[in-house]
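*Asks:* For reference, the chains in residue letters:
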Amino acid sequence: MPDGSIVRPYGDTTGDGMVQTSFTLPVAAGPRAEGAALQLATKMGIEPAMVVHSHAIDAGYTFFVVYGSVKHLVDLDAVVVEERAYPLLSSSEINGAIRTGLNRKMVVLGACIGTDAHTVGIDAILNVKGFAGEKGLEYLREMAVTNLGAQVTVPELVAKARAARADAVLISQVVTQKDAHLRNTRELAAAFREAMGESRPLLVVGGPRFDPAMGGDLGVDKVFGRGTTPGEVASYLVHALVPQKESA
Amino acid sequence: MPDGSIVRPYGDTTGDGMVQTSFTLPVAAGPRAEGAALQLATKMGIEPAMVVHSHAIDAGYTFFVVYGSVKHLVDLDAVVVEERAYPLLSSSEINGAIRTGLNRKMVVLGACIGTDAHTVGIDAILNVKGFAGEKGLEYLREMAVTNLGAQVTVPELVAKARAARADAVLISQVVTQKDAHLRNTRELAAAFREAMGESRPLLVVGGPRFDPAMGGDLGVDKVFGRGTTPGEVASYLVHALVPQKESA
Amino acid sequence: MTALHLDPALVARARELAARAAQPVVDLAHRHTTVSVERAVLRLAGLTGTDPVTGEGRTEDRVPWVNRVVDAVRDQVGLESGVALPVWDALASGTSLQGLAEQVGAGTARFQIPTGAAADRAREAARDAVGTGIARIDANRRRREELVATHGDPPRRPWIYLIVATGDIHEDIPQAQAAARAGADVIAVIRSTGQSLLDYVPEGATRTGYAGTYATQENFRLMRAALDDVSAELGRYVRLTNYASGLCMPEIAVLAGLERLDMMLNDAMYGILFRDINPRRTFVDQRFSRMVHARAGIIINTGEDNYLTTADAVDEAHTVTVSQLLNETLAKEAGLEDWQLGLGHAFEIDPDREESFRLELAHALLARRLFPDAPLKWMPPTKHMTGDVFRGYLLDGFFNLAGALTGQGILLVGMMTEAVVTPWLSDRDLAVRNVRYVLNAAGNLAEDFAPPSGGFIDRRAHTVLTEAVELLGRIADHPEGLIQSIADGTFGITKRPPDGGKGLDGVVELGPDAYNPALELLEREVSRA
Amino acid sequence: MTALHLDPALVARARELAARAAQPVVDLAHRHTTVSVERAVLRLAGLTGTDPVTGEGRTEDRVPWVNRVVDAVRDQVGLESGVALPVWDALASGTSLQGLAEQVGAGTARFQIPTGAAADRAREAARDAVGTGIARIDANRRRREELVATHGDPPRRPWIYLIVATGDIHEDIPQAQAAARAGADVIAVIRSTGQSLLDYVPEGATRTGYAGTYATQENFRLMRAALDDVSAELGRYVRLTNYASGLCMPEIAVLAGLERLDMMLNDAMYGILFRDINPRRTFVDQRFSRMVHARAGIIINTGEDNYLTTADAVDEAHTVTVSQLLNETLAKEAGLEDWQLGLGHAFEIDPDREESFRLELAHALLARRLFPDAPLKWMPPTKHMTGDVFRGYLLDGFFNLAGALTGQGILLVGMMTEAVVTPWLSDRDLAVRNVRYVLNAAGNLAEDFAPPSGGFIDRRAHTVLTEAVELLGRIADHPEGLIQSIADGTFGITKRPPDGGKGLDGVVELGPDAYNPALELLEREVSRA
Ligand code: B12
Ligand code: B12
Ligand SMILES: Cc1ncc(COP(=O)(O)O)c(C=O)c1O
Ligand SMILES: Cc1ncc(COP(=O)(O)O)c(C=O)c1O
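Protein chains in written order, with my numbering: chain A, 1 to 248; chain B, 1 to 248; chain C, 1 to 529; chain D, 1 to 529.
Derived from the structure by calculation, the hints contain no laboratory data.
Where a beta carbon is used, it is the ideal one built from N, C-alpha and C, also for glycine.
Take every hint as true, because none was put in to throw you off.
DMTMM-like cross-link-like pairs, simulated, lysine to aspartate or glutamate; straight-line CA separation at most 25 angstroms: (1) K135/A - D312/C; (2) K135/A - E232/A; (3) K43/A - E47/B; (4) K105/B - E93/B.
Partial chain B-side listing against chain C, Cβ under 8 angstroms, derived: (5) Y10; (6) G11; (7) D12; (8) T13; (9) M18; (10) Q20; (11) V52; (12) H53; (13) V65; (14) Y67.
Negatives, chain C to chain D, calculated, CB over 12 angstroms: (15) E16; (16) G235; (17) T466.
Starting from the given sequences, assemble the full structure and let the hints guide the process.
*Replies:* Written out as structure tokens, the structure is:
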């Protein structure tokens with residue numbers, strides 16, 4: 001592996017730029033379809049592109065597998081990484097920080113909003129059982145966690161958050177078809193802004209298809225993606241909600 | 001399937017532009033690598049791109065699977081198809097055309113050049129056994145076919161072609177690593193130009209990784225790719241070598 | 001094939017305990033009705049359409065007339081007697097059911113509970129009206145039998161079951177036809193997320209679902225017609241499946257019968273556990289819906305596979321067996337026969353676990369032996385699928401092999417993109433190629449598959465059966481049986497209290513004069529069974 | 001595991017016929033030497049390096065001194081007596097072997113065949129010189145045994161065998177180490193296309209191969225050292241493999257012994273059939289090379305898999321069995337023991353063929369039963385692999401399963417990109433994950449795999465064995481045995497006449513006074529065997 005900041009995909013030789021791709025075109029199988037596949041591959045920057053496989057799907061579609069070298073360079077310096085801007089804390093550090101910094105329990109609400117009924121993800125974060133060996137937030141003595149479960153409507157959630165004087169609201173979105181997760185998240189953010197303005201709780205969303213970099217444009221404070229662990233989330237909550245000097 | 005001339009890849013909805021791609025980057029697994037993968041996907045035109053999987057390979061590499069929608073449009077009208085510019089003839093038509101049009105047997109030489117020892121492809125075209133149910137060129141009464149087998153050097157081949165007064169020389173190139181097939185083909189074309197100029201035999205090359213459209217730039221008369229059948233080749237030879245009016 | 005033998009005494013005990021555990025639920029169902037059961041009665045009597053003044057423009061948001069009428073009856077006279085008596089009493093004046101609905105819309109309809117002769121007339125009229133719906137269901141059943149006779153059944157078991165889920169019926173249709181041409185024997189159209197929580201059945205041809213397409217009578221009709229075309233084209237009857245479980249189980253069951261669907265996902269507990277629907281509501285609804293399925297000759301598919309997405313497939317394997325036995329008991333009580341019981345189970349063991357494949361075989365064989373005459377539904381890996389689609393394609397191949405080795409009846413084809421997107425056209429095509437390879441190349445490997453008694457697979461199967469019997473014992477011994485065990489989180493480690501969840505307000509205790517013409521007509525079926 | 005039993009009489013008959021069919025080849029080998037055998041003698045005596053004035057700059061194009069010397073001897077006095085006598089006679093004057101080579105380069109060296117006392121002195125000197133090479137091979141064998149003892153052998157069978165082939169030794173090394181960390185037990189570095197047709201062994205660390213990396217002593221050394229490092233890191237001795245078959249079989253075998261390679265592709269017929277090398281040349285070369293391997297404790301891998309890439313895997317299955325029996329006979333005659341016989345076979349049946357997987361199992365089981373003590377080498381699908389890499393990944397999974405079910409010894413890991421490119425880093429990584437899944441999840445399925453006698457698999461195995469015995473009979477009955485059958489196109493439907501092909505001019509009939517110190521020292525081995 002080269003240590004320069006410019007890299008290319010690696011097939012079997014440094015710099016060969018090799019990638020694999022597959023897709024279906026709504027074109028009947030045949031030379032025209034193959035040509036169309038090559039055209040697309042070329043537009044994707046694969047040159048030379050090899051259409052190594054194609055087969056008809058039903059009458060009007062053709063599936064392709066294409067291999068080749070992409071001309072694009074990857075500039076590692078230009079990569080914006082959501083580097084964790086806060087330390088990973090142990091359970092006792094977290095409890096300690098809250099006790100001293102907040103001198104009351106931190107109130108956390110969790111739910112799956114909209115029609116999404118996938119609770120395994122939020123449960124993994126909240127329930128004692130936890131995830132990847134880490135216990136969930138409910139296990140933390142200084143957090144008062146309520147898991148509202150699935151299919152909670154945004155209005156319900158806003159009402160519950162106000163009533164519970166929640167410090168943070170954690171929501172999960174797993175269904176992404178037609179970008180449902182993005183729309184629902186924006187709707188949530190808007191509703192909280194609307195209802196509580198500045199005094200709104202910290203909004204945290206998570207789900208396997210979120211890009212952690214997109215928090216800002218969704219109007220929430222933090223976005224967690226694939227494979228998040230409870231510890232990361234708890235540490236973030238402390239970082240974001242407990243006066244800094246203390247949590248240091 | 002839409003009949004417009006502009007199409008996009010099809011995932012599960014017309015126009016969604018969905019594609020799958022996978023590649024390895026010479027970057028240690030981690031957020032930086034994920035970001036790099038997203039950057040590459042974006043450069044390939046995949047927006048939004050989802051890095052749906054990644055795992056470390058050894059210490060310094062990461063493998064990625066990415067899904068997403070490519071913004072590129074495929075213009076079917078712009079597709080240059082090597083439409084067969086000649087009719088597919090039956091064995092008897094071919095023999096007939098040669099007899100009447102050439103009034104002698106058509107002399108065909110076949111070989112794998114360079115260090116390439118893959119003969120199954122050329123054998124499929126030449127040997128009686130044939131391919132995909134079609135008998136090979138040796139089966140045609142009016143063709144005098146010699147299969148020189150594998151690992152024939154270019155000088156040997158030129159000499160043999162001259163001696164045999166070959167009408168056509170068919171060569172196969174299967175190994176493509178480091179574009180060996182392209183280099184070898186160009187070398188072959190140059191050698192024949194050199195040695196015989198205008199009077200050189202028809203040069204036909206084939207192999208699974210050739211793009212039939214690239215004949216010109218390789219300096220040969222015709223290129224055949226994946227899944228070629230003997231009938232296509234024989235028909236082409238008649239088309240190219242037998243005075244037109246006759247072969248009609 | 002294998003000689004795996006189960007202790008017949010243990011098996012008998014399991015069934016007896018399951019019956020006992022389910023009894024409180026059956027009693028509950030006999031004592032109650034629900035808004036959806038009553039709406040189903042009106043649907044059988046032919047009431048369709050929606051109230052044009054409701055909804056936000058999209059037909060699928062409009063409130064169906066059946067809801068308006070049942071709500072009106074409930075407001076005015078309550079549902080303790082069912083809707084049939086007040087409605088057909090109101091119709092005695094001569095107005096049509098549709099006309100009455102419009103009066104309800106206009107707020108001019110008045111209901112009362114008829115008594116004496118009026119009640120007799122209302123009962124009779126209701127029976128006739130509902131009878132036409134049942135007759136149509138019967139006709140569809142005969143029609144199916146004819147079509148199977150002409151086009152033929154799939155060449156071999158397991159039947160290949162494919163899902164389409166674009167959200168748009170007009171995208172679903174070509175994809176379903178493509179899937180059938182590619183080899184699918186059964187097409188399932190999954191519903192838009194959360195439809196199961198709507199307390200009404202949307203209407204019309206819909207194009208706006210999320211991760212699934214609305215289950216509407218019109219969508220049913222369009223898809224069944226499209227599949228009839230490919231069936232003729234392919235010379236093989238292609239079956240259509242949809243989902244009953246949810247708040248509208250009874251009505252969807254009726255619509256499935258009216259539009260000749262062939263299979264329905266119908267689980268006695270799925271709605272409770274995975275949609276947080278009230279247990280009482282679900283238990284009343286499921287019984288009615290299953291009686292309709294029984295009459296329609298529809299094969300039900302149960303949802304035990306879902307447990308393994310929230311619970312561990314090895315630790316909780318016995319809960320699947322317990323649930324299968326409970327679903328069987330409840331299904332038979334509702335008149336379904338063995339050949340209609342597509343009991344569910346799944347290939348959900350962590351693939352990184354040592355011996356995972358042989359554990360799967362042990363579980364699948366246990367189900368096969370326990371329900372020899374049921375067309376078991378074998379579900380693919382989902383929970384442990386990842387974005388590594390190559391690995392996913394391999395796992396699905398081994399899932400297919402397990403299906404062939406253990407003689408499963410219905411094989412839900414797994415998708416390599418399970419962890420990524422709802423299936424693409426190409427995912428489905430590749431998935432069927434995977435199935436075809438495995439069945440052609442290794443389909444008969446069962447001949448060489450003979451887990452020795454006392455061997456790993458044999459021991460595992462017996463362990464699971466024993467654990468299942470123990471659990472059934474605990475459930476049966478509790479006065480409230482099943483209902484209590486659900487509250488305790490026995491299935492899918494999900495706790496659901498008897499009075500929690502959605503739709504409880506739609507449950508009504510029946511009065512002495514309660515009358516439900518559909519039940520009356522269908523009970524015959526049950527007694528026949 | 002399975003009870004497949006082969007008729008012992010038939011098996012015995014097969015071996016006896018194989019021995020008879022191979023005898024003419026053995027006799028031929030005894031009566032001849034080749035330029036490569038003689039060069040191997042000089043290499044054992046320590047002659048290395050290339051003639052600087054040859055080649056086009058790249059070291060790998062330069063002519064090695066061993067070639068220059070053997071050619072010079074041949075020009076001046078012929079090779080009928082071998083090189084040892086004339087060379088060590090010339091060295092009597094006191095010059096070093098290296099010095100003599102330079103004289104040859106300068107054209108000043110003069111050779112003669114010594115007689116009487118001079119001949120005795122030359123023989124003795126030659127024996128001592130070659131003895132040092134043999135001693136180094138022996139030391140390497142002991143060293144391997146030590147390292148295996150310290151690091152340990154792979155935890156289980158089959159051993160996982162991975163190929164690297166970048167063409168550049170410096171890309172190969174990190175890839176080989178990555179492969180080992182990913183789980184490879186054996187690393188094979190395939191050669192640049194066509195190296196096997198070079199009548200010399202290139203020298204140096206090379207970066208310019210096509211679809212493979214040159215087999216050079218330096219490349220051997222670099223890779224073995226790199227693997228020794230990972231072996232220590234992983235606590236598992238990672239074996240290294242290269243290819244002997246070709247025009248330089250004897251020399252490459254010597255280099256493999258000198259650099260402690262652990263396995264070598266070495267087939268008595270591969271060069272003939274797939275590289276059009278002259279049959280006589282190959283038969284003489286293979287015997288010498290195998291004697292060296294025997295001494296070095298190297299496991300050979302034969303190439304029957306290749307037949308199935310040009311011939312149909314079902315129609316010609318028996319030719320694989322025949323070839324395995326011939327390779328066994330010839331190997332034993334050369335002193336190799338059962339544990340050194342990695343006999344090849346492959347999963348090459350058309351996957352679209354009904355029952356293809358069970359046919360594969362039948363063939364693989366036959367080999368397993370026929371050679372119970374040999375570490376069979378199980379080769380993946382190649383011919384029927386296509387650009388559909390998903391299908392390819394699935395096929396490789398079933399290939400892995402077949403390997404586990406039938407107890408194969410060495411599993412050459414298949415690549416999903418087989419039909420596309422030489423393996424990428426990621427292909428290899430995904431391929432090992434595939435193997436790991438199959439072996440972890442289903443590795444013990446053999447316990448449940450019991451093809452009934454009289455069943456499909458049993459019948460197929462017997463058919464193939466019977467066809468093999470018939471063919472062996474026909475070969476054995478012919479005066480020229482094997483040589484004739486090769487001319488007839490018996491293997492891989494490829495015809496190779498005795499006097500055709502490359503390298504015939506390198507074959508020399510031995511004279512009465514012929515002397516080969518290496519053979520003399522190695523024969524002991526043979527007689528020991
Ligand atoms: C389990 C499961 C179900 C179960 C859910 C049970 C339950 N109570 O949750 C059941 C069977 C009920 C189900 C049903 C459906 N499912 Co579902 N299901 C899955 C499955 C197999 C696994 C999901 C899962 O549990 N992952 C494990 C958890 C731990 O991972 P996770 O969710 O990513 O969570 C982690 C991170 O994302 C993050 N995280 C997640 N949420 C949050 C929240 C916060 C605040 C934070 C900080 C972090 C965080 O932390 C977690 C731990 O690392 C996936 C396929 C797959 N393999 O991914 C499909 C999948 C998610 N389902 C899908 C669909 C479509 C459905 C249905 C709509 C299908 C249908 N029409 O019937 C139904 C209806 C569900 C509904 N109404 O929403 C699709 C979604 C497609 C898409 N991308 O839009 C998937 C991808 C399958 C597919 N390919 O079709 N499903
Ligand atoms: C069979 C085979 C072999 C056999 C060859 C036997 C023989 N006598 O041909 C053996 C085992 C000897 C072999 C050896 C090697 N092989 Co090989 N082999 C293959 C394999 C499995 C199949 C090729 C084949 O027969 N295809 C079937 C024929 C019918 O298809 P085809 O060649 O494409 O031909 C069709 C068309 O292309 C066209 N066509 C082809 N030629 C011509 C010519 C004309 C004039 C026309 C008109 C048409 C035409 O028509 C044909 C019919 O449709 C491929 C992998 C694969 N599945 O493709 C690897 C493959 C080609 N081999 C490969 C390699 C690297 C080698 C080796 C170099 C490996 C090594 N270092 O040891 C060696 C050495 C070979 C050498 N020196 O060239 C690589 C090439 C990689 C690359 N793209 O550069 C492949 C792709 C495998 C891999 N992924 O590594 N191989
Ligand atoms: C038995 C059963 N019913 C219904 C469904 C679908 O329910 P919903 O539409 O609520 O996702 C499923 C899905 O897994 C199921 O298993
Ligand atoms: C027995 C044997 N030897 C050698 C080779 C490699 O030979 P070459 O380097 O000529 O490709 C192979 C490759 O398949 C083989 O099977």
